[in-house]
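Student: Chain by chain, the residues run as shown.
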Amino acid sequence: MDTIHDQITDALKGHHADYIEMRMDESQSTRLAYRGRRLEEIGRTAGSGGNIRALVNGGWGFVSFNTMDALSEKVALAVQQARFVGKEKSQFTPLQPIVDTVTASSKKDPGNVSLSAKKELLDSYNDIILSTPEMQTSNIGYVDSRRRITFANSEGSYIEQNKIDLNCRLTAIAARDGTVQQIGLSLGSPGDFSAVESLHDEVREMAQRAVRLLSAPQAKGGEYTVVLDPILAGVFVHEAFGHLSESDFVYENQRLRDMMVLGRKFAGKHLNIVDGAAVPGLRGSFKYDDEGVPAHKTYLIREGILCGRLHSRETAAKMGEQPTGNARAISYHFPPIVRMTNTFIEPGATTFEEMIADIKEGIYAKDWYGGTTSLEMFTFSAAEAYMIRNGKIAELLRPVTLTGNVFTTLENIDAIGNDLLMNQGGGCGKSGQSPLPVSNGSPHIRIRHCLIGGS
Amino acid sequence: MHDILRKAKRVADHAEVFRITSKRTPVQFEANRLKQIQTKETTSTALRLIKNGRTGFAQASGTIDDDTLIAMALDTCPFGAEAKFAFPNQTDFPQVAVFDTDVEKLPLNEMIEIGQQLIDAVKHHAPDIQCEAIVSEAIATVSIANTSGGNASYTKSVFSLGIEGVLIQDDEMLFVGDSDSSCRPIRDGKHVAADVIRQLDQAKRKAPIATARIPVIFTPQGIASAFISPLMVAFNGKMALDGISPIRDKCGKQLFHNNLTLRDDATIPYGTGSSPCDDEGVATRKIPLIENGVVAQFFYDLQTAALAKTQSTGSGHRGGGLPSPSASSLIIDKGTVAFTDMVKNTKEGLIVEQLMGAEQGNVLNGDFSGNVLLGFKIDNGEITGRVKDTMVAGNIYTILKDIEAIGSDARWIGGMLYTPSLYCPKVSVATKVR
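If you read the protein sequences in the order shown, they are chains A and B.
In terms of the working numbering, the first sequence opens at residue 157 and continues consecutively.
In terms of the working numbering, the second sequence opens at residue -17 and continues consecutively.
Take these hints with a grain of salt, some might be off.
[Stated by the list, open to error] Below, in silico cross-link-like pairs of lysine to any residue (SDA-like), each with a Cα-Cα straight-line distance of 25 angstroms or less:
id: 1; chain 1: B; residue 1: K5; chain 2: A; residue 2: E276
id: 2; chain 1: B; residue 1: K33; chain 2: A; residue 2: T506
id: 3; chain 1: A; residue 1: K319; chain 2: B; residue 2: D57
id: 4; chain 1: A; residue 1: K275; chain 2: B; residue 2: L56
id: 5; chain 1: B; residue 1: K17; chain 2: A; residue 2: P250
id: 6; chain 1: A; residue 1: K169; chain 2: A; residue 2: S310
id: 7; chain 1: A; residue 1: K319; chain 2: A; residue 2: P373
id: 8; chain 1: B; residue 1: K408; chain 2: A; residue 2: P373
id: 9; chain 1: B; residue 1: K22; chain 2: A; residue 2: A202
id: 10; chain 1: B; residue 1: K5; chain 2: A; residue 2: K245
id: 11; chain 1: A; residue 1: K376; chain 2: B; residue 2: E330
id: 12; chain 1: B; residue 1: K22; chain 2: A; residue 2: E276
id: 13; chain 1: A; residue 1: K245; chain 2: B; residue 2: E114
id: 14; chain 1: A; residue 1: K586; chain 2: B; residue 2: K291
id: 15; chain 1: B; residue 1: K33; chain 2: A; residue 2: K319
id: 16; chain 1: B; residue 1: K22; chain 2: A; residue 2: T223
id: 17; chain 1: B; residue 1: K414; chain 2: A; residue 2: L227
id: 18; chain 1: B; residue 1: K33; chain 2: A; residue 2: L552
id: 19; chain 1: A; residue 1: K245; chain 2: B; residue 2: L16
id: 20; chain 1: A; residue 1: K421; chain 2: B; residue 2: M155
id: 21; chain 1: B; residue 1: K22; chain 2: A; residue 2: L227
id: 22; chain 1: A; residue 1: K586; chain 2: B; residue 2: L56
id: 23; chain 1: B; residue 1: K5; chain 2: A; residue 2: S204
id: 24; chain 1: A; residue 1: K474; chain 2: B; residue 2: R15
[Unchecked claim] Among chain B residues calculated to face chain A with C-beta under 8 angstroms, some are:
id: 25; residue: A68
id: 26; residue: N71
id: 27; residue: F157
id: 28; residue: G159
id: 29; residue: K220
id: 30; residue: T318
id: 31; residue: V319
id: 32; residue: A320
id: 33; residue: T322
id: 34; residue: L355
Honestly, the hints are just simulated from the structure, not real lab data.
Don't be surprised by glycine CBs; every beta carbon is placed ideally from N, CA and C.
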């Protein structure tokens, strides 16, 4: 242990940079993939590598590598690149050095579950899907991974963090007369295998719903009052607002800074939006980010007013705010950038029944299929949708895609439920770094004038 | 590599090693100025074993000793898929030019200059724009060897440049951008800047649009964002084998407009999707997918082809796991109608340049549905401005049957697609009421 610590500390010395950090990453993972009856892939992967990032006069150099030899020369290269770029004063919030080791804790470590037990569990789900009448095929992907990340910087921090993550997606694909419909179920956990166990009833229900979609109508395109379930509302808050809170989009752009000025009213008093890795036990939880900043819990919107944003040490320094522990890198191939962790809308007081009671014609959209944003405009798609007619849930619809403008859509949220639920499936992509473990959540929410694409 | 094969042969019946080593140097610009220089080196080794007829797999990035890698793959063998194929024994491959030493030799200064000139050109036209740009060079060596005697190795160089700009006015954002890539250096980004400037010009004004079914011109970028995902699902041999490609039993049938031709071609000299062989050591070739509107064939890797009782098309690609079928460089043949004539002959219509989130629809069924991130209204034969808050939805099997004109304006998008604009006479457009 100490020898690596010394080796790294030595390599960081004497380079005349404003800041240098080094990150070493060792990982192991197991993946299984089914297509129908075929277990297409069962494989194990191992990875080891590291990177060095240097800051000189506001310019950055970054070197990533697979072998630990000649560390000092790699540091020198990163510093040389940074010096080549840098032409101004570096701005980077200083931190007190932290020395810590964080162990991974897990109720049921997937590393202690045998390959055959994993296969047996997935086989049982696959059997349920494939034995459903009119099912064409299934699609199952499972990955669990264990990582040890060692972080050291020129300020004297030395942090070792151990992480476990698992992610599973089950898809049922039904077909009839040339029409194909699919429904997926996404699950994840920061290391607890039991999160993917005992799902047989959900899987059965999902498979039956995929078949029902074959005869479901498509929504007519246009504006609707839409009620989102907690899972889809979680995707909405992530896409529609979360990305806009990432300061690396904002910090160098005066017009965006004006647009995202703290104190601006975005929505009604009932809306509170939070992001934070310090919320424990979720896939976006950790103790330190990839710049060695302790995890925070950050209010982004409080009572409808913009009151915070997500920062790295550089964006915080340049905006005169405090780092929030949101600098994350998906692997050693990449420098950390500003990312979300666990993002959610805080619960309100409205029950689901109250929420739909006065809707004459609307759409109830549930569960996610995907989502993306251009900051101002966003789209996300529901895996399950129903018409709401005269205050009641009516017929099943084909999956719908929702789109909107962040500013008007947040204003148009007029009811927030009392039933917060966090969704741990999926992952987030940004600047080629995907899928990053995050979680998002919300209670049921109602949005007026939401645009739906359709026939 | 041959050491691993020798050792693996002692414990398994057949083995294959795939190795890729790469070095990439991206130069990044942020907020209109140089921000970061990176040097990224990676090595990754994948081992596929066949033992008692079953496939095992392990992959390691970085250094790993041979025995550990073999043990990891061996672990998975008893559960693995039944191997229906034999490793190929090919050692000679037709020449496909994918390497130019000039890429490696291009000095960092020059890369920075190319990026800065690109930004300056765009900024000169729109002083308020904030641009991010990347100029990047990469060299990668791919080696494949197996116990059937198959052996392939090639080195590829890739140069790419791209720019994305955002213009903000009050609460409105306009995103523009373009990119280009080649296996040879692109020393001048003028054409990329010119396209971004065209987008800025056309977006200067906003134009109203109503919910209706109207003619839509999909530009090459628009085609990339709306049609390619559902098309790739449809022509993937694995999807056909599983019975979920809607065209699985339609070979030889006319499903598309009779002037529409689509092929996958990994043999284009200096194309960034090109290579002499795929990731399983099977020679690449031109693969016709749609010929004059008729479904021609699907693309396959070794295992899928064996299950479907056909031959690999040299389309086995790896994305961190076992190979699976995917396309290399898609080509849609250009037509005869000038883009300007398409516009001129439209009374009321829409040009779709970027469709956001289109692949979130039911791509298996050929459906797409997305927000028009960049699109322009046509009124009485003229582009009248940018549309916003608008969704376009449809099904490729309906839309690509009823094409009214194929453009003469073909271009590369992201090095992976070469296509002209397509004029589609009736597409569903939905928009906000207010």
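Student: Each hint: holds or not?
Tutor: A quick look at each hint next to the structure:
1. B:K5 - A:E276: 41 angstroms, violated
2. B:K33 - A:T506: 59 angstroms, violated
3. A:K319 - B:D57: With a Cα-Cα distance of about 23 angstroms, the restraint between A:K319 and B:D57 holds, given a limit of 25 angstroms.
4. A:K275 - B:L56: OK: A:K275 and B:L56 at ~16 angstroms, within 25 angstroms.
5. B:K17 - A:P250: 20 angstroms, holds
6. A:K169 - A:S310: 7 angstroms, holds
7. A:K319 - A:P373: 44 angstroms, violated
8. B:K408 - A:P373: Holds. B:K408 to A:P373 sits at ~21 angstroms (cutoff 25 angstroms).
9. B:K22 - A:A202: 19 angstroms, holds
10. B:K5 - A:K245: 30 angstroms, violated
11. A:K376 - B:E330: 22 angstroms, holds
12. B:K22 - A:E276: Outside the cut-off at roughly 40 angstroms; violated.
13. A:K245 - B:E114: The hint holds at about 21 angstroms.
14. A:K586 - B:K291: 40 angstroms, violated
15. B:K33 - A:K319: 33 angstroms, violated
16. B:K22 - A:T223: Roughly 12 angstroms separates the two Cα atoms, so the pair holds.
17. B:K414 - A:L227: Not OK: B:K414 and A:L227 at ~57 angstroms, beyond 25 angstroms, violated.
18. B:K33 - A:L552: Violated, at about 48 angstroms.
19. A:K245 - B:L16: Status holds; Cα separation ~14 angstroms.
20. A:K421 - B:M155: 19 angstroms, holds
21. B:K22 - A:L227: Holds. B:K22 to A:L227 sits at ~14 angstroms (cutoff 25 angstroms).
22. A:K586 - B:L56: 35 angstroms, violated
23. B:K5 - A:S204: 16 angstroms, holds
24. A:K474 - B:R15: 16 angstroms, holds
25. A68: Hint violated; B:A68 Cβ to chain A Cβ min 18 angstroms, cut 8 angstroms.
26. N71: This hint is violated: B:N71 lies away from chain A, its Cβ roughly 24 angstroms from the closest one there, beyond 8 angstroms.
27. F157: 6 angstroms, holds
28. G159: 11 angstroms, violated
29. K220: With a minimum Cβ separation of about 7 angstroms from chain A (threshold 8 angstroms), the hint on B:K220 holds.
30. T318: 32 angstroms, violated
31. V319: 28 angstroms, violated
32. A320: It is violated, given that the least Cβ distance between B:A320 and chain A is near 30 angstroms, above 8 angstroms.
33. T322: With a closest approach of 28 angstroms, the B:T322 hint is violated.
34. L355: 5 angstroms, holds
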